[in-house]
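We have chain A; now place chain B onto it with these hints.
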Amino acid sequence: MVKPIFLTSLRERVGKSLLSIGIMQKLQNMGKKVAYFKPIGIPKGAFSQKNDPDVGFILSTVFVTEQPYEIVNPVSIPDCYYIDLIDANQKIEHLNKIKAAYTEISKDMDYVIIEGAPSIRKYVRVGLDDVSVAQSLGINDLIYISVESSDKCIDNLFFTKNYFDFRHVNFKGVIFNKIDFDYIARIEELEKNHIRRYNIPVIGKIEKSIELFSPRVSEIMEAIGGEFINEAAASGLDNRVETNIIGAMNPQAALKYLRQVRKAAVVTGGDRVDLALAALNQDVSCLILTGYIQPDITVITAANEKNIPIILSPSDTYTTIRNIERLKPGIQKDEIHLVLDVIDKFINWDLLFN
Amino acid sequence: MISFFFHPKSIAVIGASQTTGKVGNTVLNNIIESGFNGKIYPINPRADEILGYKAYNSVLDVPDEIEIAIFVIPAKFCASVAEECGKKGLKGLIIISAGFKEIGGEGVEREEKLIEICKKYNMRMLGPNCLGFLGLSYNGSFAAETPKKGHIAMISQSGAMLTGFMDYSMTQAFGFSCNISLGNKADLGAVDFIEYLANDNETKVILCYLESIKDGDRFLEVLPKATRKKPVIILKSGVSEAGARAASSHTGALAGADVAYDLTFKKCGVVRANSIEDLFDYGEIFLYQPIPNENSFAIITNAGGPGIVATDAFEREELKFAGFSEKILHVLRENLPLEAAIFNPIDIVGDATPDRYGFTIKTVFGVNSKIELNNDITTEGALIIVTPQAQTKPTEVAKLIHEISLNYLRKQGKPIVCSFIGEKSIAEGREYLKQNHIPCYHFPDRAAHSLKTLLNYREYLNSIPLEDRIIPNFDVNQERIKEIFESARADDRTVLLSYETSEVFECYGIKSPKSRLAGTPRQAMKLQEETGKSVMKIVSPQIIHKTDVGGIALNIETPQQAFEAYIQIIDNVKKFGPQNSRIYGVEVQEMIDFKKEEKVIELIIGMSKDPVFGPMLMFGTGGIYANFMKDVSFALAFKFTENDAKEMLRKTKIYSLLEGVRGESQSDIKSIIDVLLRLSQLVNDFPEIVELDINPLLSFIKGYSAVDIKITITH
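Chains as they are written, first to last, in the numbering used here: chain A, 76 to 429; chain B, 1049 to 1763.
Pulled out of the complex, with its shape left as it was, chain A reads as follows:
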């Protein structure tokens, strides 16, 4: 009998895909047969590219299958004006597709990891929300993923628990994911004082991995439409960027801030030779020079020596930073092996699997 693990959340970007990858790796390591299933995907382009990028990534990494794409992700609903796209008939059609695909993908499997919609609220109006989908598949246990590193997490947890109770599905447990390092101790305290007394199982408390969620220089370059100018430091394009910092002060003053950051993208004007040189002596992943101003040769030489890429940004400093902030870094194929390493010690696997 296949065991479904249905991952839900109250908000998007909580790391459901990443958790799915990690859980699948764990089960595969245990010799179990495991499938990935995403009932409703969000296509990359509304109608032009129907595949969900997260599903595509998983299919190319931890879940290589001969099943057609539609079995893994039977329904695809664009993110804009979707309410208008689904009427009562389509709802039934979609649910039928989901059921058929789930039956197909579950065959001979020990486990199926089901990645829910971006939030449990999504598609409630059209009856395709996570709870409705679960119920139509006969799945009663839902796992809730929480990402807040503040006491808000308790309110959200109890809200979700109450909502599941109201909808008559079982709150199987919570995984606190991407939690700030300093908040882990607080979660433990909250668990002791607030969660246990309501018998809510805490399946995992996963510390935020800066490493896994940091973009690479190449991703930033793409996000800002930048140009890479020092070929000698090409391997630095794989450097991770953990922090962004704007260099606007004089170098002596800026050093105070530059020294406090790790693996930083330093954004400054191409004509700020002094600051660029000061920055290159720090823990810097790349220099982003705004206004498309070519830097002095001394800056290029120093950057080459330290293997730090220099990216020319066509925009002003504010716009450049805004575009970096908008960047949603994705996990890369070559770091897939890191996922289980990062979450393994933080999850109570027995609780999750049994």
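Wrong hints could be hidden among the right ones.
[As the list claims (entries may be wrong)] No more than 30 Å apart at the CA atoms, straight line, and that leaves these computed lysine-lysine pairs for BS3-like:
| id | chain 1 | residue 1 | chain 2 | residue 2 |
| --- | --- | --- | --- | --- |
| 1 | A | Lys420 | B | Lys1622 |
| 2 | B | Lys1622 | A | Lys331 |
| 3 | B | Lys1574 | A | Lys420 |
| 4 | A | Lys267 | B | Lys1574 |
| 5 | A | Lys331 | B | Lys1699 |
| 6 | A | Lys338 | B | Lys1530 |
| 7 | B | Lys1530 | A | Lys283 |
| 8 | A | Lys381 | B | Lys1168 |
| 9 | A | Lys280 | B | Lys1574 |
| 10 | A | Lys420 | B | Lys1530 |
| 11 | B | Lys1623 | A | Lys331 |
| 12 | B | Lys1622 | A | Lys403 |
| 13 | A | Lys108 | A | Lys253 |
| 14 | B | Lys1622 | A | Lys338 |
| 15 | B | Lys1623 | A | Lys283 |
| 16 | B | Lys1562 | A | Lys331 |
| 17 | B | Lys1623 | A | Lys338 |
| 18 | A | Lys253 | B | Lys1623 |
[As the list claims (entries may be wrong)] Rough simulated footprint, nothing fancy, chain B against chain A, three-plus residues with beta-carbon under 8 Å:
| id | region |
| --- | --- |
| 19 | 250 to 263 |
| 20 | 313 to 320 |
| 21 | 334 to 345 |
[Claimed, not checked] One-sided and incomplete, this derived list gives chain A residues near chain B with beta-carbon spacing under 8 Å:
| id | residue |
| --- | --- |
| 22 | Ile285 |
| 23 | Lys331 |
| 24 | Thr376 |
| 25 | Asn379 |
Calculated directly from the structure, the hints in this document are not laboratory data.
C-beta atoms are modelled at their ideal positions from N, C-alpha and C, and glycine is treated no differently.
Just chain B, lined up with the frame of chain A:
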């Protein structure tokens, strides 16, 4: 050693050319013209003979042994030819060719290849990208002229500067024992040549123009020995703040970019020149004038104004005036005009003749054969000022000064410097002095500065040699510190957490308040209850300046206050702290109740590691204004003694407060010295400590407390 560069028996010129004007032609011509009496082998596959010498395809074709080769071929061919030189058994290569590290990219690889080949064949290399080598026996450079021979060794990192220096020297009274252009210093650097030249009999003074020093440890090993044998004068350029220094700590920020060079030069007895003018002023005075035995000088002038200017300069330079005995004063009074000032500085007034100058100089030095003054003499050197008056006859005065210096003063180790003020009428006298090796300056300030430089060198020579100094060795617990560092590294941290620093200090016997880490507000309550009055501080490796981001709460007296302070601190830090900072929690540290202390002084003690010369200790006025007061002194932690610690303290303004003002008791100065000594041992024992700050260290009448400590280690 590297003597083969100085006195080679044979030289190959790789890329020797028949075409006048080409570097390969100039170098070969310079070797020939400079009278080299060894064998010369031009290497050029396209020529049979160059400038009268048989040319060879390759060094491997030369039937005889070759000792050194000078390369003037394109960079891309250097490695393969160097390989041939290695096979041939050459000892040294002078690579004039450019196109190496200085151009980056493939140039870096080419230079690395050359280094590898030299190591493989045990060859030494000067350059690449240099002007060449000019020794007493040959001119192996592409310089336009061969400078005069003499006793100054000149080492320059810049080839262009070196040609400028050599050109300048053509009109001066000194010459060179060698001129060495270092270029990229891929193998041999200034220190290697200084080590050799310290034992070179032809060299009396070593001058260097350097832009950087690579190997600080070797500099600290070689220079203190070299400078005991002869003066080494260095002009270090490229003293800029921007980009040079990574300063996260108070100590690093206060140190600036150049402090380490100053400290190192002083510790090693290197005379530091701050300008090219200084470099040659010092070179000349050290070459020709003796080093004074004491700080006791006379000024003899024929005009009041310049005498006052000179007196001011003496004050600035902390030069002391020789006190004249009754007998000397009597002799001066009897023989000088009534209007003359006979007390030092001596004004022999405007109508002074050469004889009056001669008489006065001889008298203050006790070398007037007609008057017996031997037991009254305290003058160890003099500054003679001449202004052009009708009776002065500057050239005559110059001749007398030279005669007295030559016949008496040099033998007694007493320097004499002059200032002939003016130009037209004193030019001849000044030139006479210059040609006869008496430094003569336009104005008295530079003269006083030169005397002071000589005196500093005497003080260095009189000091205990570095290798003989007694360095305290405390009983410490290194093993525990290794564990702490390893655990921080395992956690990918370079800044130690506060409770870790407390323990590190404890291992080295330095007192600091007890401290523990709270991970939640409730834990903070509990810890506060156990600790009593506390200070609470954010613990995060990324947050160095805690006050700036609201990461500190003082005077926490109740658990409830601790609870609230925890929340407030975390809230502040999440709003104002650096992005993605890893927060470990909030530390609850025992708060030192210094109100009960009669006297409390906030000090800063720190260490900043210079990338070249290693750890530097800092001491000064501490607290939140430390960076603005800038009342600090520095010392190298290398061979750090109790006297060094005392000197550090004395150099600051806060020292007088520590000693006690307005009837206050003295602070526990001994305990501060103890902290500095223990700290120097700590930073020497653990080179992985790159920065360390104690700010403040509270000093009391009895004891102290290191309140806030930051330690940064390498990965």
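Hint by hint, here is what the structure shows:
Proximity of Lys420(A) to Lys1622(B) is assessed by CA-CA distance (about 26 Å); at most 30 Å being required, the pair is judged to hold. At roughly 18 Å between alpha-carbon atoms, Lys1622(B) and Lys331(A) fall within 30 Å of each other, so this suggested pair holds. For the suggested pair Lys1574(B) and Lys420(A), the alpha carbons sit about 29 Å apart, so the restraint of at most 30 Å is met. Between Lys267(A) and Lys1574(B) the alpha-carbon distance is near 17 Å, which keeps this suggested pair within the 30 Å criterion.
Proximity of Lys331(A) to Lys1699(B) is assessed by CA-CA distance (about 27 Å); at most 30 Å being required, the pair is judged to hold. The straight-line distance between the Cα atoms of Lys338(A) and Lys1530(B) is roughly 26 Å, inside the 30 Å bound, and the hint therefore holds. Taking the CA atoms of Lys1530(B) and Lys283(A), the gap is about 29 Å. The hint holds against a cut of 30 Å. This hinted pair checks out: Lys381(A) and Lys1168(B) have alpha carbons roughly 27 Å apart, not beyond 30 Å.
Taken as a hint, the Lys280(A) and Lys1574(B) pair is honoured in the structure, with Cα atoms around 24 Å apart against an allowance of 30 Å. Distance hint between Lys420(A) and Lys1530(B) is fulfilled; the C-alpha atoms sit about 27 Å from each other, no more than 30 Å. For a cut-off of 30 Å, the pair hint linking Lys1623(B) to Lys331(A) stands: about 18 Å separates their Cα positions. Proximity of Lys1622(B) to Lys403(A) is assessed by CA-CA distance (about 21 Å); at most 30 Å being required, the pair is judged to hold.
Distance restraint check for Lys108(A) and Lys253(A): the Cα-Cα separation of roughly 27 Å lies within the 30 Å cut-off, and the hinted pair is therefore satisfied. Taking the CA atoms of Lys1622(B) and Lys338(A), the gap is about 19 Å. The hint holds against a cut of 30 Å. Between Lys1623(B) and Lys283(A) the alpha-carbon distance is near 18 Å, which keeps this suggested pair within the 30 Å criterion. Restraint check: the Cα-Cα separation between Lys1562(B) and Lys331(A) comes to about 28 Å, which is no more than 30 Å; the hinted pair holds.
As the CA atoms of Lys1623(B) and Lys338(A) are separated by approximately 20 Å, the hinted pair is consistent with the 30 Å bound. Using a Cα cut-off of 30 Å, the hinted pair Lys253(A) and Lys1623(B) holds, with the two alpha carbons roughly 19 Å apart. Interface restraint, the region 250 to 263 of chain A with chain B: holds (6 residues with C-beta to C-beta distance below 8 Å; minimum three). Requiring three or more residues with a Cβ within less than 8 Å of a Cβ of chain B, the coverage given for the region 313 to 320 of chain A holds, as 4 such residues are present.
Chain B is given as covering the region 334 to 345 of chain A, and this holds because 4 residues of the stretch bring a CB closer than 8 Å to a CB of that chain, at least three being needed. Evaluation of the Ile285(A) hint against chain B yields a held restraint, the C-beta minimum of about 6 Å falling below 8 Å. The interface hint given for Lys331(A) is met, as the beta carbon of that residue sits about 7 Å from the closest beta carbon of chain B, less than 8 Å. Nearest Cβ of chain B to the Cβ of Thr376(A): about 5 Å, under the 8 Å cut. The hint holds.
Hint on Asn379(A) holds. Least Cβ distance to chain B is approximately 5 Å, under the 8 Å limit.
The structure fails none of the hints (numbered hints given earlier).
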